[in-house]
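As given, the protein sequences belong to chains A and B, one line each in that order.
For the first sequence, my numbering assigns the number 119 to the initial residue and increments by one for each residue that follows.
For the second sequence, my numbering assigns the number 2 to the initial residue and increments by one for each residue that follows.
Worth double-checking, as some hints may not be accurate.
As the list claims (entries may be wrong) - Simulated pairs of lysine to aspartate or glutamate, DMTMM-like, Cα-Cα distance not exceeding 25 Å:
(1) A:LYS134 - B:ASP215
(2) A:LYS134 - B:GLU82
(3) A:LYS248 - A:GLU182
(4) B:LYS23 - A:ASP443
(5) B:LYS6 - B:ASP215
(6) A:LYS215 - A:GLU324
(7) B:LYS23 - A:GLU313
Unchecked claim - To list a few chain A residues with every Cβ distance to chain B over 12 Å, as calculated:
(8) LEU130
(9) GLU263
(10) LEU268
(11) ARG371
(12) SER432
(13) ARG435
(14) LYS480
To be verified - What the simulated footprint calls covered on chain A by chain B, stretch by stretch (three residues with Cβ under 8 Å from a Cβ of chain B suffice, anywhere in the stretch; the number is not a length):
(15) 439-448
(16) 473-479
None of these hints come from the bench; they were simulated from the model.
All C-beta atoms, glycine included, are put in the ideal place defined by N, C-alpha and C.
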Amino acid sequence: MRTVIFLALRQLWARKVLSGIAMGAVSLGVLVLIAMSGVMLGFRGKFLSNMLKVSPQVTLYDKELLREPPILQRGEPLLVATESAHEVPTDRVSRIKRPTEIIHAVEAMEGVIAAAPVVSGSAVISYGSKELPVEVRGIEAARQERVTPLGPYLIAGRMQTFQASTDGVLLGSGVAARIGAKLGDTVRVGSPKGEPRVLKVVGLFEAGIPPVDNARIYVPLRLGQQIVGRPDAVGRIEVRLADSERAPAIAARVETLSGYDAESWQETNANFLSLFKMQDKITGFVIGSILLVGGFGILAIQIMIVLSKTRDISILRSVGFTRRDILVLFLAQGGLVALMGGAIGDVLGWLAARGLSHVQVKMETFVKAESFVIDDKPEVYLLGLVFALLVGVLASMLPARRAARVEPVDVLRGQIG
Amino acid sequence: MLGAKTILETRSLTRELGAQVKTRILRGIDLTVPRGQFVALAGASGSGKSTLLNLLGALDRPTSGEVRIDGVELGGLDDDERARLRGERLGFVFQFHFLIGELSVLENVAVPLWRRGVPRAEGERRAREVLAKLGLAALEARTPGQLSGGQQQRVSIARALAGRPRVLLADEPTGNLDSANSQIVMETFEQLVRDDGLTVVMVTHEPSFARRADRCVRLADGQIVEDTLRK
Numbered sequence: 119m120r121t122v123i124f125l126a127l128r129q130l131w132a133r134k135v136l137s138g139i140a141m142g143a144v145s146l147g148v149l150v151l152i153a154m155s156g157v158m159l160g161f162r163g164k165f166l167s168n169m170l171k172v173s174p175q176v177t178l179y180d181k182e183l184l185r186e187p188p189i190l191q192r193g194e195p196l197l198v199a200t201e202s203a204h205e206v207p208t209d210r211v212s213r214i215k216r217p218t219e220i221i222h223a224v225e226a227m228e229g230v231i232a233a234a235p236v237v238s239g240s241a242v243i244s245y246g247s248k249e250l251p252v253e254v255r256g257i258e259a260a261r262q263e264r265v266t267p268l269g270p271y272l273i274a275g276r277m278q279t280f281q282a283s284t285d286g287v288l289l290g291s292g293v294a295a296r297i298g299a300k301l302g303d304t305v306r307v308g309s310p311k312g313e314p315r316v317l318k319v320v321g322l323f324e325a326g327i328p329p330v331d332n333a334r335i336y337v338p339l340r341l342g343q344q345i346v347g348r349p350d351a352v353g354r355i356e357v358r359l360a361d362s363e364r365a366p367a368i369a370a371r372v373e374t375l376s377g378y379d380a381e382s383w384q385e386t387n388a389n390f391l392s393l394f395k396m397q398d399k400i401t402g403f404v405i406g407s408i409l410l411v412g413g414f415g416i417l418a419i420q421i422m423i424v425l426s427k428t429r430d431i432s433i434l435r436s437v438g439f440t441r442r443d444i445l446v447l448f449l450a451q452g453g454l455v456a457l458m459g460g461a462i463g464d465v466l467g468w469l470a471a472r473g474l475s476h477v478q479v480k481m482e483t484f485v486k487a488e489s490f491v492i493d494d495k496p497e498v499y500l501l502g503l504v505f506a507l508l509v510g511v512l513a514s515m516l517p518a519r520r521a522a523r524v525e526p527v528d529v530l531r532g533q534i535g
Numbered sequence: 002m003l004g005a006k007t008i009l010e011t012r013s014l015t016r017e018l019g020a021q022v023k024t025r026i027l028r029g030i031d032l033t034v035p036r037g038q039f040v041a042l043a044g045a046s047g048s049g050k051s052t053l054l055n056l057l058g059a060l061d062r063p064t065s066g067e068v069r070i071d072g073v074e075l076g077g078l079d080d081d082e083r084a085r086l087r088g089e090r091l092g093f094v095f096q097f098h099f100l101i102g103e104l105s106v107l108e109n110v111a112v113p114l115w116r117r118g119v120p121r122a123e124g125e126r127r128a129r130e131v132l133a134k135l136g137l138a139a140l141e142a143r144t145p146g147q148l149s150g151g152q153q154q155r156v157s158i159a160r161a162l163a164g165r166p167r168v169l170l171a172d173e174p175t176g177n178l179d180s181a182n183s184q185i186v187m188e189t190f191e192q193l194v195r196d197d198g199l200t201v202v203m204v205t206h207e208p209s210f211a212r213r214a215d216r217c218v219r220l221a222d223g224q225i226v227e228d229t230l231r232k
C-alpha cells in the first residue's frame, strides 16, 4: 500500500497544475461549506438560543382538548339535546381552570424545572402623543424568572423593582424607542375589552429578537388580567425544561395530565424551523454543486491520466502489481487531491469565517446583530474533509476501474507488434 | 511432470485472437526450457513469437494447452496470483523501455521490490547493486528522460533483474537500439546466463543475435519449425 501511495503522490506531483486546479475546486467547495454553514448555524444558533431564553419550551394554552359532557347528558346520553345549530353568544372568558394545581402537577414531572402562569393580549401603549400597538403579558415575576428569565436582558431598571411594584411595566427596547419612553416615565396601556391603566416604566429589556423587543411589554399578572379584560384568568402556563430537546415528549405528557392543549417550542416555532430546513437544503445544494464541479475536475484529470498512463499501468502489472493495486493507485490519487483540497478549504474556510465575523451588518429581522454571527463547529470542518474525500474517491472510481481493467498484454502487443 | 532442470514448459499451446473471425496465432506449441539456458525465439513478423513470450510470462492466457513456470501450471491461477508470480519469478524487458517517467532510475528499479514488501532501504540497496552491475550506478538519481536509449534499456534490464527472477523474458530488447548499445545488452544477457545461471528467453528478429543464444527456436505460422541447440 505504501508503494501505491508513493506512486500516487509522484504522479500527482508530476501534474502539479492539473492537480492544483482540481484541488482548488474542492477547496472552494469546502470553503463555501464552512463559511455558509458558519453563518447559517450562527444565525440559527443565536435565534434559537435567544428564542429559547425568552420563550418557554412548553406552553399550555387555554384550549381544552376534551370538554366534560353537560350534566344532563351524563345520565341519558341519547335523549337530551345538548347542541344548538346556531351560534350561541357567550361572555364566558376562556381560561385554564385550576391553574395552580396544574402548575404544581407539571412542576412535579420529571424533566421540568419550573412552570409559570401568564395572561396575554393585545393592547395599545401611549406616551404623550405617541401610541403603539403592543402585546401585553401579565406574569408572576418571581415564577417567570425561573421559566424565561428577563433579568439578564434588562438594559435599564431592576427586576426586584418590577417584582415589588403593582403598577410597574417592563418595556421592550424597541417599544420604548418608538414611543420615546424612558425609565421612570409614566405610560398608559389599554385594550378594547379591559380597563386602561397608567403604569410606571420600571425597566427596559432587550432580548435581541426584534419581534419581541419591538412589540412586547410585561406587567404583573393581576394588572395584565385587568388590562386585557380577563379578570382572574390564566391564558397559558409556560414551562421550562432541563433538556429543551425533550419538549415534544413532555408537551404530550402535559396535555394528558391537564387536558389542555400543550405545545413544544419546536411546534410553536415550526415556521422558523421549516425555514431553517429549507435554508439547509439550499446550502446543501450550493455546496453540493461546487463539490460536484470539483469532482468533475478530478474525474476529467483522472481519465486523462489513465489514458496517458496505459503503458505505465501495463508495466506495473507486468512487474507484479495486481488489479487491486492499480485500482487503489487511482483512487488514492483522487482521494489525495480531494483530501488536500479539503484541508486547504478548511484553512481558507476558517479564515473566511474569521473575516465574516468582523463584517459590519445591521440585522434587525429575526435576530438583532451588529455583525455576522459565526458558529464554528469542529464537526463542520471534519464534514468538509469527509465530503471532499468522498467526492474525490467517487470521481476516481470510474477511471480507476478502467485502469484496473487494462490488460498489459493488449498494450504490449499494440506497442511491440 | 517437469524434469528437475526444466523451468518453462508448454504443452499443445494454442492462442486464437478475434471475437468474430478467429485468427490462430499459435498452433500446438510444445516447448521445454531447462534452467540456465539462453533461448532465442526467432521468426518473421506475425509468426507468433511475441504471443508465445507473453504466454510464457503469464501476461496472456492461452486458448488451449498448458504453460508451466517453475513447476506452477498457470491455468489454475487467477489474475492476482499471476501478478504475484510475475513479480516474484519473472523479469521482463520490452522493445520499449517502459520506465515510469516520474520516478528516478533508482526508484524505477526498486518499485517492484517495494511492491513485494521488501523494506525501502533494502529495496534501494538491491536496486543499487543491480545498477552497479550494469554500470549504471552514476545514473541512479536521474529520471528516464535524462538518459540515452541504451541507458534506458539497461535500466529496464536492471528493473527486471532486481527482483532476482528465475527467468528473464525479453521481447526485441535491442529493437530500438543502435548497434553499440545492442552489443552491450546482448553481452549483459550472456553474462547473466554464464555467471548467474539465469534462464533467458529472448524474441529477436536479428539473426546474429539469435546465433549468440544457446538455443534458437524458430517459429512460422504459429508453429515451431526449427529448434537448434548450439551450445
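Subject >> Ascending list of hint numbers which this structure does not respect >> reply: 1, 2, 3, 4, 6, 7, 8, 12, 13 and 16
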